[in-house]
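There are 2 protein chains.
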Amino acid sequence: MYESPLFWPAHIKDRVLYVLDETLVPAKIKYIPVKNIKGSIKVIRDMKTRAFGQFLVVLNTFLLELNPRGDLLKHLQKVAHQLNNSRPTFPFAEVTGIIVGVAQKARANGADVKTAVIKTVQGFLQGIYHRRLERVRQLADSIDEGDNILTHCNVSGELAMAASLCIKKAKKISFFATETRPYMQGSKLTAWELQQAGVAVTVVPDNTVGSLMADGLINKVVIGSDRSAANGDVANKVGSYQIALLAKEFDVPVIVLTQPSNKVKKGQDMPIELRDPRELLTFDGKNLMPKGVKGFYPGFDVVPHALITKAISIHAGL
Amino acid sequence: MYESPLFWPAHIKDRVLYVLDETLVPAKIKYIPVKNIKGSIKVIRDMKTRAFGQFLVVLNTFLLELNPRGDLLKHLQKVAHQLNNSRPTFPFAEVTGIIVGVAQKARANGADVKTAVIKTVQGFLQGIYHRRLERVRQLADSIDEGDNILTHCNVSGELAMAASLCIKKAKKISFFATETRPYMQGSKLTAWELQQAGVAVTVVPDNTVGSLMADGLINKVVIGSDRSAANGDVANKVGSYQIALLAKEFDVPVIVLTQPSNKVKKGQDMPIELRDPRELLTFDGKNLMPKGVKGFYPGFDVVPHALITKAISIHAGL
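First to last, the protein sequences are chains A and B. If you read the first sequence in our numbering, its first letter stands for residue 125, the second for the next number, and so on. If you read the second sequence in our numbering, its first letter stands for residue 125, the second for the next number, and so on.
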């Protein structure tokens with residue numbers, strides 16, 4: 125099976141965390157060295173890595189911050205707090221809470237905090253790796269011979285890997301990847317990954333979803349999600365909601381890769397991050413429109429569970 | 125009333141047709157001098173001017189081609205043929221057919237062909253100018269106090285002018301302009317025009333339409349159209365169809381500026397122009413995605429009449 129660099133975009137080596145700079149993909153495959161919490165927050169805020177990559181950065185950051193000057197437990201609590209506040213839509217607190225909890229318990233039991241944290245983080249990373257591979261297999265099983273699949277934004281390696289499994293089984297499939305303005309994850313990441321995996325992919329403007337469906341060119345939608353609510357609603361890249369609504373109109377099934385989460389009850393409870401409108405108003409640093417024009421760029425929207433045909437979840441364990 | 129340069133983007137002076145280069149707006153207001161049919165077809169194909177501007181170019185081209193070496197009537201027929209084949213979605217044949225018909229009739233009646241063509245074209249231009257102003261007034265009457273209006277692509281001056289009429293009457297209104305990928309007419313033209321007209325406008329990614337409507341932030345949609353069918357279906361910039369579908373879902377009325385046309389019976393009969401995928405895959409000449417990735421960019425889609433709440437038509441006369 126093809127393994128995309130986006131499947132595991134951050135790894136630690138010799139106390140340095142190497143984070144794939146997804147803003148350069150596909151032109152360059154370059155890793156940003158991150159040495160501490162400050163560097164972690166920068167790669168997260170600058171969206172050098174996204175979704176699952178951010179999760180990896182958050183987890184690994186605890187391994188980078190095990191040798192503070194003061195008390196380790198207090199320091200890890202501070203690290204958790206900073207990570208939690210780095211981006212609003214992401215439930216980093218769920219992960220950081222577990223790590224801090226492990227550290228607190230170790231301290232209470234007289235065990236070594238550092239050892240406990242290392243063991244927990246490494247256990248998580250190994251577990252999640254295998255659970256994600258399992259999700260790839262389940263996704264591949266949900267893709268049928270002859271499927272023409274629309275995808276939006278980027279599913280961090282898993283979609284391309286599932287597609288390569290399908291091709292191994294000689295399933296004929298093809299993909300439409302939306303551009304995914306304004307960040308162009310579809311054009312830059314998804315199209316590249318699927319091409320690398322040897323699968324037919326065509327990039328389309330976000331504006332074509334309705335007419336492609338009306339023309340019967342799409343029979344399945346596969347998207348990821350950045351966050352799930354207890355009732356099955358998910359938050360994903362802005363545009364996911366209208367794609368799911370259009371899919372309902374044309375009876376196209378919507379498959380969503382999710383992760384279990386019980387911190388919020390329903391979609392409306394998930395805060396939506398408003399990105400800097402400059403990301404919309406400029407391209408490569410060049411102004412796209414006249415000065416003084418305002419932009420509004422919510423980074424995500426909520427797909428209600430009623431619009432989701434099938435959720436393939438990472439199984440519990442985190 | 126504010127008059128946008130986009131309202132009348134081509135005018136003839138001393139046997140030269142000056143065509144507003146809409147690809148440079150708003151950075152520059154520059155007019156391309158066009159001296160003959162060859163120049164006309166170039167500005168049309170390169171999308172230097174769009175929609176109504178193309179109509180103006182087509183009409184004025186006959187005035188540029190009144191002094192051929194050979195027979196004038198035969199020459200005008202050739203000019204009409206070339207114009208008709210310049211872009212598939214546009215019903216240029218309807219206009220060019222009328223002019224050629226006038227020329228034929230003049231010849232048959234022993235009248236001067238040149239004089240007949242000049243009179244007809246100038247009559248059309250004057251008539252259409254006043255009928256478009258009338259459409260602006262009707263559109264202004266359809267906009268109510270407190271409206272938050274979503275628009276897509278660009279309505280060639282009329283929306284901004286209608287908005288300025290509303291402001292004169294102290295109606296409080298505001299606009300969301302979709303970016304309108306891949307050509308960005310929304311960011312570049314519509315946002316600029318509305319700003320010039322002194323109206324509040326916010327640019328949003330095409331991907332936000334569904335969530336803006338779900339959040340109750342839009343209570344009216346106003347779009348133009350490039351072509352109409354006899355049953356009331358219209359072709360407009362790709363994305364219009366899904367916006368209209370989403371509007372139906374949220375009971376948001378859709379107002380469309382149309383032009384009467386009886387050449388085709390229904391939307392499915394209108395050919396949809398496939399634009400060069402490079403317009404999608406590159407930005408400012410720079411590749412946005414890896415080599416070999418395919419793009420699909422239909423320039424237009426069809427909004428069925430059932431999704432149109434109110435059509436404001438240019439009245440007959442052409």
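One or more of the hints may lead you astray.
[Stated by the list, open to error] Computed Cβ-Cβ distance ranges for the label pairs, DEER-style:
id	chain 1	residue 1	chain 2	residue 2	range
1	A	K418	B	K372	26 to 34 Å
2	B	A232	A	T406	57 to 65 Å
3	B	N209	A	D400	42 to 50 Å
4	A	T406	B	N209	47 to 55 Å
5	B	P384	A	T406	22 to 30 Å
6	B	K418	A	N191	47 to 55 Å
7	B	G409	A	N343	55 to 63 Å
8	B	K372	A	K410	35 to 43 Å
9	B	K410	A	N233	54 to 62 Å
10	B	E258	A	K152	52 to 60 Å
11	A	R261	B	F420	43 to 51 Å
By construction, these hints were calculated from the structure, which means they are not laboratory data. Here a beta-carbon is modelled for each residue, glycine too, at the ideal position from N, C-alpha and C.
Checked hints:
{"no.": "1", "hint": "K418(A) x K372(B): 26 to 34 Å", "in the structure": "holds, 28 Å"}
{"no.": "2", "hint": "A232(B) x T406(A): 57 to 65 Å", "in the structure": "holds, 59 Å"}
{"no.": "3", "hint": "N209(B) x D400(A): 42 to 50 Å", "in the structure": "holds, 45 Å"}
{"no.": "4", "hint": "T406(A) x N209(B): 47 to 55 Å", "in the structure": "violated, 38 Å"}
{"no.": "5", "hint": "P384(B) x T406(A): 22 to 30 Å", "in the structure": "violated, 41 Å"}
{"no.": "6", "hint": "K418(B) x N191(A): 47 to 55 Å", "in the structure": "holds, 50 Å"}
{"no.": "7", "hint": "G409(B) x N343(A): 55 to 63 Å", "in the structure": "violated, 36 Å"}
{"no.": "8", "hint": "K372(B) x K410(A): 35 to 43 Å", "in the structure": "holds, 37 Å"}
{"no.": "9", "hint": "K410(B) x N233(A): 54 to 62 Å", "in the structure": "holds, 57 Å"}
{"no.": "10", "hint": "E258(B) x K152(A): 52 to 60 Å", "in the structure": "holds, 56 Å"}
{"no.": "11", "hint": "R261(A) x F420(B): 43 to 51 Å", "in the structure": "violated, 30 Å"}
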